[in-house]
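On the provided structure of chain A, position chain B as indicated by the hints.
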Amino acid sequence: MSASRLFALSLSVLLCGAPALAQQVPDASSPPRTGPEETVTGTLSQDRTVIAVPALATPAAVNVAGLNTSTLGKQIAEVIAADLERSGLYAPLGPGSVRAITMAEVRAPRFADWQAKNADNVVHGFVQASGTGGLVVGCYLYDTDLGSELVRQGFEIQPGDWRRAAHKCADAIYARLSGESPFFDSRVAYIAESGPKGNRIKRLAIMDSDGGNHRFITNGQALAISPRFSPDYKKIVYVSYLNNRVRVFIYDVANGSQKLVTESANATFAPRWSPDGRQILYSMAVGGNTDIYRISADGGTPVRLTNTPGIDVGGSFSPDGKKIVFESDRSGGQQIYTMNIDGSNQQRISFGGGRYATPEWSPRGDLIAFTKMGGGEFRIGVMTPSGGSARLLTNSWQDEAPTWSPNGRVIQFFRTSPGKEGKSQLWQVDLTGVNLRRLPTPQDGSDPSWGPILP
Amino acid sequence: MTIRKTTAMIAAITMLTVGACAKKAPDTLPPAPDGSGSTDTGTGTGGVVPGSQADFVANVSSDRIFFDLDQYNVDAQDQTTLQSQAQWLARYPAVRVTLEGHADERGTRDYNIALGERRANAAKNYLSSLGVDPNRIQVISYGKERPAALGSNEEAWAQNRRAVTVVIGN
Chain A
5 MSASRLFALS LSVLLCGAPA LAQQVPDASS PPRTGPEETV TGTLSQDRTV IAVPALATPA
65 AVNVAGLNTS TLGKQIAEVI AADLERSGLY APLGPGSVRA ITMAEVRAPR FADWQAKNAD
125 NVVHGFVQAS GTGGLVVGCY LYDTDLGSEL VRQGFEIQPG DWRRAAHKCA DAIYARLSGE
185 SPFFDSRVAY IAESGPKGNR IKRLAIMDSD GGNHRFITNG QALAISPRFS PDYKKIVYVS
245 YLNNRVRVFI YDVANGSQKL VTESANATFA PRWSPDGRQI LYSMAVGGNT DIYRISADGG
305 TPVRLTNTPG IDVGGSFSPD GKKIVFESDR SGGQQIYTMN IDGSNQQRIS FGGGRYATPE
365 WSPRGDLIAF TKMGGGEFRI GVMTPSGGSA RLLTNSWQDE APTWSPNGRV IQFFRTSPGK
425 EGKSQLWQVD LTGVNLRRLP TPQDGSDPSW GPILP
Chain B
121 MTIRKTTAMI AAITMLTVGA CAKKAPDTLP PAPDGSGSTD TGTGTGGVVP GSQADFVANV
181 SSDRIFFDLD QYNVDAQDQT TLQSQAQWLA RYPAVRVTLE GHADERGTRD YNIALGERRA
241 NAAKNYLSSL GVDPNRIQVI SYGKERPAAL GSNEEAWAQN RRAVTVVIGN
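Which chain is which? The protein sequence lines are A and B, in order.
Under this note's numbering, the first residue of the first sequence carries the number 5, and numbering increases by one thereafter.
Under this note's numbering, the first residue of the second sequence carries the number 121, and numbering increases by one thereafter.
No lab work stands behind these hints: they were computed from the structure.
Quick caveat, the model's predicted, so the values are computed rather than measured.
Please note: incorrect hints may appear among the correct ones.
Claimed, not checked - Over the 10 Å line for every Cβ pair with chain A, so calculated as not near, a few chain B residues: (1) G167; (2) A174; (3) A178; (4) S181; (5) D190; (6) Q197; (7) A210; (8) P213; (9) R216; (10) T218; (11) G227; (12) L250; (13) D253; (14) R266.
Stated by the list, open to error - So the derived label-pair ranges between C-beta atoms look like this: (15) B:P170 to A:N203: 48 to 58 Å; (16) A:K263 to B:G289: 23 to 33 Å; (17) B:R216 to A:D236: 34 to 44 Å; (18) B:A210 to A:N203: 27 to 37 Å; (19) B:N255 to A:P279: 36 to 46 Å; (20) A:N247 to B:L250: 46 to 56 Å; (21) B:G289 to A:N203: 48 to 58 Å; (22) B:G251 to A:S268: 43 to 53 Å; (23) A:R249 to B:P170: 26 to 36 Å.
Think of the CB as a built atom: it goes at the ideal place given N, C-alpha and C, for glycine as much as any other residue.
Extracted from the complex, chain A is given alone in its bound form (with noise of 0.2 Å):
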C-alpha cells in the first residue's frame, strides 16, 4: 500500500507535544497500593465540535477500476465523518446532511454557508483520476470562523485503497484538531465467532480499525484464539486447536502460510510480538505448571523467563522493548507484575482488591490496560506501569482483554453476555471512559488485537 503524500502539510502541528500527561516513573521501592479504582462514567460532552464533511468533489466523474469518482467522493465523505464521530470528540455533519461542494469551493470555502450550519470547520477534498489507473484524493480543514486553512493532505492511491486515504484525512483532521497522534488508518486481527455456546465456531479474521476491508483467515475447523498483527501487520501470530493440541502459529498474512513457533509437545499459547516485531513472548504448560518464555520470530532456542511455581502467563512488552508486564497467581489469586525482558526484577503492580489479568502496555507507555475480576464481574481498567492511579472505564458483566489504539487513547476489548445465548462483541472505549460503543462485525467477535498506525 503506497499512499504517498503530494502535498507538504501547511500547517506542519500535526504531532504535536502530547497533553499534560506525565509519565510516572516505576519506583520500585515502594510500589503505590491502589485502592478500590474510581469508575469512570457520564456521557457525550453536547459541545463536541461540529465538522461538517461534505462530499468530495471531482473535476470530472469517470470510472476508475470499476469505481466511479464522484461516488467514491461521497463514500470518502462518510468514512471520515464515521472515523470523526467514533473519535467521540466531534460531531460530524456528514454528506448525507450538508450540500455537495463544487471543485471550486475546494481551494476557496464559502464560509458563511458553514458558519449558517453552525459548522465549527469544514472539510473539503477531491477525488481525481491520476491517469496512472490509479486516483489522487485532496484533503483540506477549514476553520469556519477564521477563514483559515489548517490541514492540506494529498494521497495518490490504488483506487481499491480508497478507505485508507478516507482514514488518512481523518487522521490528519483529528491529530490537527486534538493534539494527539493519528490512530484511524490500522487494522484489528480478531477472533470471530460463529454457532452455539458449548461448541463455538472460532475463526481468525482482520479488519480496518472501523471494520472495513473484513476479511475471515481461518475456516474455523480448528479452533482459533487470541491473534496478534505483527508490528509490520505481515504476520499474526494466534494460537490454534490444529489436530487437537495447543500451539502458537505464526500466520504469513500475504501468501497464506503458517509455521509454529517454536517444537514442543507441552501446549504453548497467549502469544506476544516484541514492539520491533523480532521476537516473541509466549507460555508454556509443564505438567501443569505454567511460564513465560521469550524466543526469536525466526526460531531458536527460547528463553525461560518465569520459574515460580503456578500459573505465569501472557504478558505484554513495554515500548520500548525493555520491561515485559505479566499476570501471575504466585500470591494465590491473578495479580499484574511487570520484569526485565531478562526475567530479572520482577515486581507485583496491582494490589486494588480482586483478581487483575491480561495486562496490555499501552504503546505510548504510559499506562497499563488489565481485566479487573471482583464482584462476580470483568471490567477494563488502567494504571500507571508502576500501579498508581488505577481507573476503571467499562461496568457490565463481562469485558476482557485490552488492545489498545495505535495512539494509545482508546481500548477495544471484548464484552460477554451471560446466560445459554451468551455472546461476544467487539466494543471500544476512549480512557474518558465516556465514549464506549461497539465495533459491528459480520459476526460475533473476541480477542481483537489492535496494530500500529499504518505507514
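Okay, now just chain B, sitting in the frame of chain A:
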C-alpha cells in the same frame, strides 16, 4: 465454597447413580460412536465394543471429575471416580486416553487454558499413581472454550470445572 462443592458432589453422585442404570443425563451423553459398520462387533452387551469410549462410559462411575472454583486438587469423590477409570484401563492396557481439562467462564481466556491444563494433569497424575502408564495419557486444556453446561450460574459453572477422560483408541 462449601455450597459450590456440594453442587459438584450432587452432580457427580447423580451421574454415578444414573451411570449405574446405564442411562445418561442428556448433557453427559458420550459422543456418538463413529458410524461406519461398528454394529457388527456386538458382544452381547448391547453392541458396545470392548475397550471403546462407549464401553468406558458404561463401565466407569463417571468419565469426569469436578473441581472447586480456581482449584485443581483431586478430592475423595474424584479419587473414587478415577479409581474406577484406572480399573477399566487396566483391563484394556492398549487403550490410550485424552484427559481434557476445562474451566468455567469466570476466568480470563489464557489463564483458564493454564488452569484446565493444571486440572487435566492433576487427574493424569492420580491415574498414574494408580498404575496407569502416563504415556497412555495425553493432556489437552480447553480452558473456557467448551462448556458442558451453558448457563451462567453456580450449577452450570460447577459442571464446567472438570477433567474428562476420553478414549482415543488402541
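Here's how the hints hold up against the structure:
1. G167: Since the minimum Cβ distance to chain A is about 27 Å, B:G167 lies beyond 10 Å and the statement holds.
2. A174: About 20 Å separates B:A174 from the closest Cβ of chain A, which puts it past 10 Å; holds.
3. A178: 23 Å, holds
4. S181: 24 Å, holds
5. D190: The claim breaks: B:D190 does not keep its Cβ more than 10 Å from every Cβ of chain A (closest is about 7 Å).
6. Q197: Non-interface label on B:Q197 holds, nearest chain A Cβ at 20 Å vs cutoff 10 Å.
7. A210: 23 Å, holds
8. P213: 22 Å, holds
9. R216: 13 Å, holds
10. T218: 7 Å, violated
11. G227: 8 Å, violated
12. L250: 18 Å, holds
13. D253: With a cut-off of 10 Å, B:D253 remains clear of chain A, as the shortest Cβ separation is near 16 Å.
14. R266: 7 Å, violated
15. B:P170 to A:N203: 48 to 58 Å: The hint (48 to 58 Å, Cβ to Cβ) is violated, given that B:P170 and A:N203 are roughly 29 Å apart.
16. A:K263 to B:G289: 23 to 33 Å: 29 Å, holds
17. B:R216 to A:D236: 34 to 44 Å: 43 Å, holds
18. B:A210 to A:N203: 27 to 37 Å: Hint holds: Cβ distance 33 Å, inside 27 to 37 Å.
19. B:N255 to A:P279: 36 to 46 Å: Hint holds: Cβ distance 42 Å, inside 36 to 46 Å.
20. A:N247 to B:L250: 46 to 56 Å: 29 Å, violated
21. B:G289 to A:N203: 48 to 58 Å: Violated: the Cβ-Cβ distance is about 22 Å, outside 48 to 58 Å.
22. B:G251 to A:S268: 43 to 53 Å: Between B:G251 and A:S268, where Cβ atoms are some 28 Å apart, the hint is violated.
23. A:R249 to B:P170: 26 to 36 Å: Holds, at about 28 Å.
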